[in-house]
Amino acid sequence: MRKATDIQFLRLSNDVGKRAIALGNHPFGAVLVAPDNETVLLTQCNIDTVNHAESTLARIAASNFTADYLWTCTLYTAVEPCCMCAGTIYWANIGRVVYGMSETRLLECTGNHHENPTMTLSAATVFAHGQKNITLVGPVEEVEEETLRLQQAFWQTRK
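Using the UniProt record's numbering, you'd call the opening residue of the sequence shown number 1 and step up by one each time.
These are computed hints drawn from the structure, not numbers from a lab. Every value quoted in this text rests on a predicted model; they were computed, and no experiment measured them. Incorrect hints may have been included.
[As the list claims (entries may be wrong)] Distance condition first, Cα-Cα at most 20 Å in a straight line; then the derived SDA-like pairs of lysine to any residue: (1) Lys132 <-> Trp91; (2) Lys18 <-> Gly95; (3) Lys132 <-> Tyr90; (4) Lys18 <-> Thr72; (5) Lys18 <-> Ile47; (6) Lys18 <-> Gln8; (7) Lys3 <-> Val40; (8) Lys3 <-> Gly87; (9) Lys3 <-> Ala34; (10) Lys132 <-> Thr43; (11) Lys132 <-> Trp71; (12) Lys18 <-> Trp155; (13) Lys3 <-> Leu107; (14) Lys18 <-> Asp36; (15) Lys18 <-> Arg96; (16) Lys132 <-> Glu108; (17) Lys132 <-> Asn93; (18) Lys3 <-> Glu145; (19) Lys18 <-> Asn51; (20) Lys3 <-> Leu136; (21) Lys3 <-> Trp91; (22) Lys3 <-> Ile47; (23) Lys18 <-> Asn93; (24) Lys3 <-> Asn37; (25) Lys18 <-> Ile7; (26) Lys18 <-> Gln156; (27) Lys18 <-> Glu142; (28) Lys3 <-> Cys83; (29) Lys18 <-> Thr110.
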C-alpha cells in the first residue's frame, strides 16, 4: 500500500514539474502529503535557482503547520533534494522524504550546465549531519526512468 502511494505522489511531483516548465522554469516539483497518506496539503513547482520546489514548499509548510504536524507528513519530489533543499526540509521538520531519481542521475542530464550546477552532496549526507532521524526513501525504481526522461527532454533543449 505505501509503495503504491509513494509512486502515485512521485508521479504527481513530475506533473508539478511539467507545470514548472509551462511557467518557464526548470522541471522540478514537490508535493506535501498529510499524515493520512492521502491528502495533498501543498504542491510547489520550481521558481528559480534559489527558490527550488522543495525548499519553497518546506518554507510555506513551516509557516502554515506546526513542526509536530510536519514531522508526520511526507514530502515527495521526483528528484532527490539538493543540499539546500534538504537543509530547508530539515529545519521545517518534515519527517519523511521520498524521491524518484537521485541527484547523481540528474547530473547526468545537466552536466556542467550554468543553469543547474548540480552538487554531488546527497540528501542522506545532509540529514546524517543533523539531529533528527528524517526518513529518506529513494530512488524509487518504478518512477526513476520516467523522471529521467522528463529531465533529459528538458535539459537537451537548454544546451
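Checked hints:
no. : hint              : result
1   : Lys132 <-> Trp91  : holds, 10 Å
2   : Lys18 <-> Gly95   : violated, 26 Å
3   : Lys132 <-> Tyr90  : holds, 8 Å
4   : Lys18 <-> Thr72   : violated, 27 Å
5   : Lys18 <-> Ile47   : holds, 12 Å
6   : Lys18 <-> Gln8    : holds, 16 Å
7   : Lys3 <-> Val40    : holds, 17 Å
8   : Lys3 <-> Gly87    : violated, 25 Å
9   : Lys3 <-> Ala34    : holds, 16 Å
10  : Lys132 <-> Thr43  : violated, 24 Å
11  : Lys132 <-> Trp71  : holds, 10 Å
12  : Lys18 <-> Trp155  : holds, 13 Å
13  : Lys3 <-> Leu107   : violated, 26 Å
14  : Lys18 <-> Asp36   : violated, 26 Å
15  : Lys18 <-> Arg96   : violated, 23 Å
16  : Lys132 <-> Glu108 : violated, 30 Å
17  : Lys132 <-> Asn93  : holds, 8 Å
18  : Lys3 <-> Glu145   : holds, 17 Å
19  : Lys18 <-> Asn51   : holds, 16 Å
20  : Lys3 <-> Leu136   : holds, 13 Å
21  : Lys3 <-> Trp91    : violated, 26 Å
22  : Lys3 <-> Ile47    : violated, 29 Å
23  : Lys18 <-> Asn93   : violated, 27 Å
24  : Lys3 <-> Asn37    : holds, 11 Å
25  : Lys18 <-> Ile7    : holds, 17 Å
26  : Lys18 <-> Gln156  : holds, 15 Å
27  : Lys18 <-> Glu142  : holds, 18 Å
28  : Lys3 <-> Cys83    : violated, 25 Å
29  : Lys18 <-> Thr110  : holds, 17 Å
Violated hints for the displayed structure, listed by number in ascending order: 2, 4, 8, 10, 13, 14, 15, 16, 21, 22, 23 and 28.
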